[in-house]
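Student: What follows is each chain in one-letter form.
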Amino acid sequence: DDLGNVNSDESTDSAETVAAEETEASGSSYSYDVNPVDYEPIEPHKDLDQEPVPVKMERIGENEVNIEMTAQITDIEIAPGIEYKTWNFNGEAPGPLLVVQEGDWINFTLHNMDPAIPHSMDFHAVHADPATQFADVKPDESGTFRFQAGSPGVFMYHCATDPVLSHIANGMHGAIIVMPKDGFPTDDEVDREFVVVQNEWYKYNDLENMMNMPPRQVVFSTKTLEYMADDEVDGYTFDGVNTNGTVTALTENDADTVLYAKPGEKVRMYINNVGPNEVSSFHVIGTIMEDVYLDGNPANHLEGMQTVMLPASGGAIVEFTLKEEGSYSFVTHQFDHVSKGAVGTIVVNES
Amino acid sequence: DDLGNVNSDESTDSAETVAAEETEASGSSYSYDVNPVDYEPIEPHKDLDQEPVPVKMERIGENEVNIEMTAQITDIEIAPGIEYKTWNFNGEAPGPLLVVQEGDWINFTLHNMDPAIPHSMDFHAVHADPATQFADVKPDESGTFRFQAGSPGVFMYHCATDPVLSHIANGMHGAIIVMPKDGFPTDDEVDREFVVVQNEWYKYNDLENMMNMPPRQVVFSTKTLEYMADDEVDGYTFDGVNTNGTVTALTENDADTVLYAKPGEKVRMYINNVGPNEVSSFHVIGTIMEDVYLDGNPANHLEGMQTVMLPASGGAIVEFTLKEEGSYSFVTHQFDHVSKGAVGTIVVNES
Amino acid sequence: DDLGNVNSDESTDSAETVAAEETEASGSSYSYDVNPVDYEPIEPHKDLDQEPVPVKMERIGENEVNIEMTAQITDIEIAPGIEYKTWNFNGEAPGPLLVVQEGDWINFTLHNMDPAIPHSMDFHAVHADPATQFADVKPDESGTFRFQAGSPGVFMYHCATDPVLSHIANGMHGAIIVMPKDGFPTDDEVDREFVVVQNEWYKYNDLENMMNMPPRQVVFSTKTLEYMADDEVDGYTFDGVNTNGTVTALTENDADTVLYAKPGEKVRMYINNVGPNEVSSFHVIGTIMEDVYLDGNPANHLEGMQTVMLPASGGAIVEFTLKEEGSYSFVTHQFDHVSKGAVGTIVVNES
Ligand SMILES: [Cu+2]
Ligand SMILES: [Cu+2]
Ligand SMILES: [Cu+2]
Ligand SMILES: [Cu+2]
Ligand SMILES: [Cu+2]
Ligand SMILES: [Cu+2]
Ligand code: NA
Ligand code: NA
Ligand code: NA
Ligand code: NA
Ligand code: NA
Ligand code: NA
Ligand SMILES: [Zn+2]
Ligand SMILES: [Zn+2]
Ligand SMILES: [Zn+2]
Ligand SMILES: [Zn+2]
Ligand SMILES: [Zn+2]
Ligand SMILES: [Zn+2]
Ligand SMILES: [Zn+2]
Ligand SMILES: [Zn+2]
Ligand SMILES: [Zn+2]
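Protein chains in written order, with the working numbering: chain A, 4 to 354; chain B, 4 to 354; chain C, 4 to 354.
Because the hints were derived from the structure by calculation, they are not lab data. Do not rely on the hints blindly, as some may be mistaken.
Which copy is meant is left open, so a pair is good if it fits within one copy or across any two.
[What the hints assert, rightly or not] Within a straight-line C-alpha distance of at most 20 Å, the following computed DMTMM-like cross-link-like pairs (lysine to aspartate or glutamate) qualify: (1) 326 <-> 105; (2) 265 <-> 194; (3) 49 <-> 191; (4) 184 <-> 293.
It should be emphasised that the depicted structure is a prediction, and the values quoted were computed from it without experimental measurement.
Okay, chain A solo, but in the shape it has when bound:
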């Protein structure tokens, strides 16, 4: 029961047929190249498929952390049979989840492993002069920047190098959670936590397509909520799998990556919609979100929500209970996007 079909073989065939028929039957000449398998990578990336380099995070003081990341070029299978030579952070797209505490100073180093194109980093979580602190790092160079995460929330990060749309859409995005000093009012009720990021895929590195066409895939990924090396950021459980922006990664089909919970547990999801273009209507099938914090700030509390509106780059914390054993999907309720992959599953059982 996969809620849609565009990335299955069957639907791809059907897509091509229908488009052709439309051209003749109705005078509509719009068609939609669903399966971008055979594209030509740009010349300097043609033979690159860089191994993921693990992110480094280290707490070096009560309010100070070091974070090191890479900008790199790595093939990711974004849907069954569909590879994309992503531009990304640390070999993942979305990039690795970062978790810091409200008030932390971040010493951030970006190693640009791309031999051809500058990259950079814009954290929505910090105050910074973009020109100098989110500055371009040249190919094969590194840059170090320092800024403070002064406000709690679930923030987007992304490459900010021009044209930004290409850099985000090619895979340079992720989430950074800033845990509030005084926690959330509902911390005591929460039994299990997940992190879910929504992103879109377009035609490989094609700015016109990214600007003017609907997305080809819309996907959810999940990221492990990791403890920092020295365990100074605590209060959350380790539950995690890491998936890249792949259509079926979080569906029941894939036992390795599907999310698990127990009946009656209160589940918290840290969510962010990294876009680059679309808004999200986040919904969990079979439940109601008892508590929602817009952009993940404890002050922005909503209750009893069926669906949460996320702007492009918007975040939220959503909390809900899955009462019965079963299989609960979450979607953006913009169902064109579900048909393009935007569905994940939480399997609820006693084991």
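Mind docking chains B and C with the ligands on chain A? Use the hints.
Tutor: Structure of chains B and C with the ligands alone, referenced to chain A:
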């Protein structure tokens, strides 16, 4: 003064002309088949036009109701001269309005009158294991499910059978209101209530079109706020008309379906945007929404809003005063959608 | 570092090339005419380019103001080298900013200088019967209307003549701020204020394009926060520049129109997304919005937001601090729209 024109004869002509001209003049080959009159229904539905079967609702206990609905195939004129062989609930699209009380247990039976395709029901208002409680009901069979409406609000319901986008877009959607146990803070101020549902129409049963093209029609419908048979759900007025998702149903052109109020009355609208794909920017011309409850939960109160953002499947309660006699339109302020039909009217007079 | 490229010469060339290639390579026949330089104005406007007529605002009583505006036809360069024969208010698109006090009665006169087409005015800020108080004013005639601005906020205004989409998309939109009687809780913290309006441009006067195609340009404009003639509306600073809906007007490239602030100042922005079709995901790069008031109402307070969701016609007040000297861009984080121009800059320095 109909705010748009796409579904009038004049505009349809103009649409076809302009599209053709565009192809030649600017190299743009996009065109838009506005008027899908002559489509071929799928084989098993070809000779079906099932009479609407009234929904059955009965309160059988202080916190328990029985609801029986049908999944069926019925022709609906979605715009003047444009028929659509809808998949729907009880012969209406959007389906019949359901109203229960917070905490009610619902014994729900779905009779699938479709001879060919399974259908199902997903209530956003309840906690349920989707796989078993929102399960497919086979053609010509019935299924019974039980779940609790534990949280107040204006919730979407819809068929959840794969591919869900096709089932929703073909007409299988509606709204269920769960009245809060302790009411709303503004209950005493409200003089008149309406229920308005927004939905889109695409090319008949064409998943590619639903996934990748803008909607052809965007429409508002209204549903009667009915008392339950035994009158145990009370506190709201009967004011109603029932319209299906038809472009002009709620405009001043149609005296039978236009909404009426008196000068100075405080009007409450229960609204839901069932999509399937688009968000809504709900606005009432000539007034300001004094009180807004996001997703219809009393806890989520906003004030003095010009426009309310509804995600796909999102609901709200909006309250406003129409001070003078006159004619007040409501729209989604995404005006491309107004030009495709998303406009309704409240006529305010003393009679 | 312009964040996008669609309106530069380079990108326009690239656009045409890519579109052509797509047609052959993938069977996709969609193309996008980026550069609408050579269009044919409608016959009655062909030789018109009316000089902007300044808006007149005069306070005539403690709670009463006179406002006079024009509907007129004026060429505006909406992007470098791209002229648009706009339909507009007072020669600007967006039109002039209006500022009144909560409770003010407005005596409003519209002079329609258009020799061919009726125009009108719908203020979201007031209670009014649309048919009589937002009524059409015939070519070369004037109309006077009276209504009260009873609720504080950042409201859209626009022409309401049928088809409304054409009138808004051709340039007939703007913002009216209604200052709250009792101010905002954060008034004392604010050092500097700006007004920013987002709008889209489509193919000149082409309703089909406006209804079915993505926007060609998405732009931010700023408007001077002017004192009324007799200075009775006070409490805000004069800081202003007036720009029309031009792609590069608010970027660093243009020293005359870029916005300036000092390090550490708390900046307030009054924002409105006049559409006509798209929602906005408003974000300021390099900071976090400490305080947000949805639709500009003091009651609708959010904190610590990275991005604010604006429906079509939605407004907000957003407040943030730019700590370091530097150059801070603001965008809608729907990055397809950034690539089409939706970016502005605040230069922060000590001078
Ligand atoms: Cu990059
Ligand atoms: Cu950003
Ligand atoms: Cu169905
Ligand atoms: Cu649903
Ligand atoms: Cu006009
Ligand atoms: Cu309006
Ligand atoms: Na798009
Ligand atoms: Na649900
Ligand atoms: Na669409
Ligand atoms: Na209004
Ligand atoms: Na559009
Ligand atoms: Na930021
Ligand atoms: Zn398909
Ligand atoms: Zn290193
Ligand atoms: Zn709560
Ligand atoms: Zn037309
Ligand atoms: Zn029965
Ligand atoms: Zn109130
Ligand atoms: Zn380009
Ligand atoms: Zn005059
Ligand atoms: Zn505050």
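Student: Hints first: check each against the structure and report whether it holds.
Tutor: Okay, the hints, checked on the actual structure:
1. In this homomeric assembly, residue 326 and residue 105 come within 20 Å of each other (Cα to Cα) only across copies, at 17 Å, whereas the closest approach inside a single copy is 33 Å.
2. Proximity of residue 265 to residue 194 under the C-alpha cut-off of 20 Å is restricted to the intra-copy arrangement: shortest distance 9 Å within a copy versus 46 Å between copies.
3. In this homomeric assembly, residue 49 and residue 191 never come within 20 Å of each other (Cα to Cα): the closest approach is 50 Å inside a single copy and 57 Å across copies.
4. Taking the shortest alpha-carbon separations for residue 184 and residue 293, only the inter-copy value of 16 Å comes in at or below 20 Å, while the best intra-copy value is 22 Å.
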